[in-house]
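Chains B and D are the protein sequences, given in the same order.
Residue numbering for the first sequence follows our numbering, beginning at 696 and increasing consecutively.
Residue numbering for the second sequence follows our numbering, beginning at 138 and increasing consecutively.
Hints are computed from structural coordinates only; laboratory data are not their basis.
Please note: incorrect hints may appear among the correct ones.
[Stated by the list, open to error] Chain D is nowhere near these chain B residues, computed Cβ spacing over 10 Å in every case:
1) Pro716
2) Thr721
3) Glu761
[To be verified] Derived, one-sided and incomplete: chain D residues facing chain B with beta-carbon distance under 8 Å:
4) Asn168
5) Tyr170
6) Glu179
7) Ile180
8) His185
9) Asp193
10) Glu240
11) Leu241
12) Phe243
13) Gly244
Everything numeric in this text was worked out from a predicted model, so none of it was measured.
Backbone N, C-alpha and C fix where the C-beta goes; we use that ideal spot for every residue, glycine too.
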Amino acid sequence: DAKTTQPNSMESNEEEPVHLPCNHSTISGTDYIHWYRQLPSQGPEYVIHGLTSNVNNRMASLAIAEDRKSSTLILHRATLRDAAVYYCILKGAGGTSYGKLTFGQGTILTVHP
Amino acid sequence: EAGVTQFPSHSVIEKGQTVTLRCDPISGHDNLYWYRRVMGKEIKFLLHFVKESKQDESGMPNNRFLAERTGGTYSTLKVQPAELEDSGVYFCASSPRDLGGGELFFGEGSRLTVL
Numbered sequence: 696d697a698k699t700t701q702p703n704s705m706e707s708n709e710e711e712p713v714h715l716p717c718n719h720s721t722i723s724g725t726d727y728i729h730w731y732r733q734l735p736s737q738g739p740e741y742v743i744h745g746l747t748s749n750v751n752n753r754m755a756s757l758a759i760a761e762d763r764k765s766s767t768l769i770l771h772r773a774t775l776r777d778a779a780v781y782y783c784i785l786k787g788a789g790g791t792s793y794g795k796l797t798f799g800q801g802t803i804l805t806v807h808p
Numbered sequence: 138e139a140g141v142t143q144f145p146s147h148s149v150i151e152k153g154q155t156v157t158l159r160c161d162p163i164s165g166h167d168n169l170y171w172y173r174r175v176m177g178k179e180i181k182f183l184l185h186f187v188k189e190s191k192q193d194e195s196g197m198p199n200n201r202f203l204a205e206r207t208g209g210t211y212s213t214l215k216v217q218p219a220e221l222e223d224s225g226v227y228f229c230a231s232s233p234r235d236l237g238g239g240e241l242f243f244g245e246g247s248r249l250t251v252l
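If we strip away everything but chain B, and leave its shape as in the complex, we get (with noise of 0.2 Å):
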């Protein structure tokens, strides 16, 4: 599976925008990238995913890059409650594994009253 690379850690203030950062240069023309989050004592819990252009929802943005090799997460106003892990993964489509998430040790992100 294509590797991702996210910081360790990030910290923000409430109410202040928060960008996330991940890079994956090795990713493959089918690879979706996904956007989980993992809140204490839960499972991990869908947050967005793109394939090549920008995407917005109700929880975040996700804006990638022309080359597909960097995306960045952007939670546009923090709040308390989105104080949790982030991880960045690409999810083939098709084939026999396309269920399948790898994920890494993501970014845990701390927000600041």
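Following the hints, position chain D against chain B.
Then chain D, alone, in the frame of chain B:
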């Protein structure tokens, strides 16, 4: 609509005993996955069912682990006999039938402690 539910939420057993974890996916989801996080490690894929068939079981650690999904609804993951290194949190996830771009819905996990 109910999410993915897992039972039990926490199980404590002695080494050598047997434990069975259960996962009820979201109704209508053909895909069901098992993942686990052992202490200090990353979340790792175990296996993937499409309905009742095993699509990918490349992550199953050894033959002490047996996963079933009879009838294509709920799934069980049995560990027999349990070893100390099996301690961790076991997550189940489900998703609708798709080509792979969609999201997975995770349960809250079953914490297994082997003493």
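### Query
Per the stated criterion, does the least C-beta distance between glutamate 761 (chain B) and chain D lie above 10 Å, as a non-interface residue requires?
Per Cβ check, glutamate 761 (chain B) is outside 10 Å of chain D; nearest 20 Å; holds.
### Task
Return the status of the interface hint for histidine 185 (chain D): holds when the least beta-carbon distance to chain B is below 8 Å, violated otherwise.
Holds - the Cβ of histidine 185 (chain D) comes within 8 Å of chain B, reaching about 5 Å at its closest.
### Hint validity - aspartate 193 (chain D) Cβ closer than 8 Å to any chain B Cβ
Hint holds; aspartate 193 (chain D) Cβ to chain B Cβ min 5 Å, cut 8 Å.
### Query
Holds or violated: is there a CB of chain B closer than 8 Å to the CB of asparagine 168 (chain D)?
5 Å, holds
### Query
Is the hint on tyrosine 170 (chain D) kept, meaning its closest Cβ partner in chain B is under 8 Å away?
6 Å, holds
### Query
Should the interface hint for glutamate 240 (chain D) be scored as holding, given a Cβ-Cβ cut-off of 8 Å against chain B?
Holds, about 4 Å.
### Query
Against chain B, is phenylalanine 243 (chain D) within 8 Å by beta-carbon distance?
For phenylalanine 243 (chain D), the interface hint holds, since the closest Cβ of chain B sits about 3 Å away, which is under 8 Å.
### Query
Does the claim that proline 716 (chain B) lies off the interface hold, with its Cβ farther than 10 Å from every Cβ of chain D?
19 Å, holds
### Task
Mind checking the CB of isoleucine 180 (chain D) against every CB in chain B and telling me if the closest is under 8 Å?
Since chain B brings a Cβ to about 4 Å from isoleucine 180 (chain D), closer than 8 Å, the hint holds.
### Hint check: 8 Å Cβ-Cβ cutoff, glutamate 179 (chain D) to chain B
5 Å, holds
### Message
Hint validation: leucine 241 (chain D) versus chain B, beta carbon distance must be below 8 Å. Holds or violated?
### Response
The hint holds - leucine 241 (chain D) has a Cβ within 8 Å of chain B, the shortest such distance being about 7 Å.
### Task
Grab the minimum beta-carbon distance between threonine 721 (chain B) and chain D and tell me whether it stays above 10 Å.
It holds; threonine 721 (chain B) is separated from chain D by about 18 Å at its closest Cβ, greater than 10 Å.
When the structure is compared with the earlier hints, no violation turns up for any of them.
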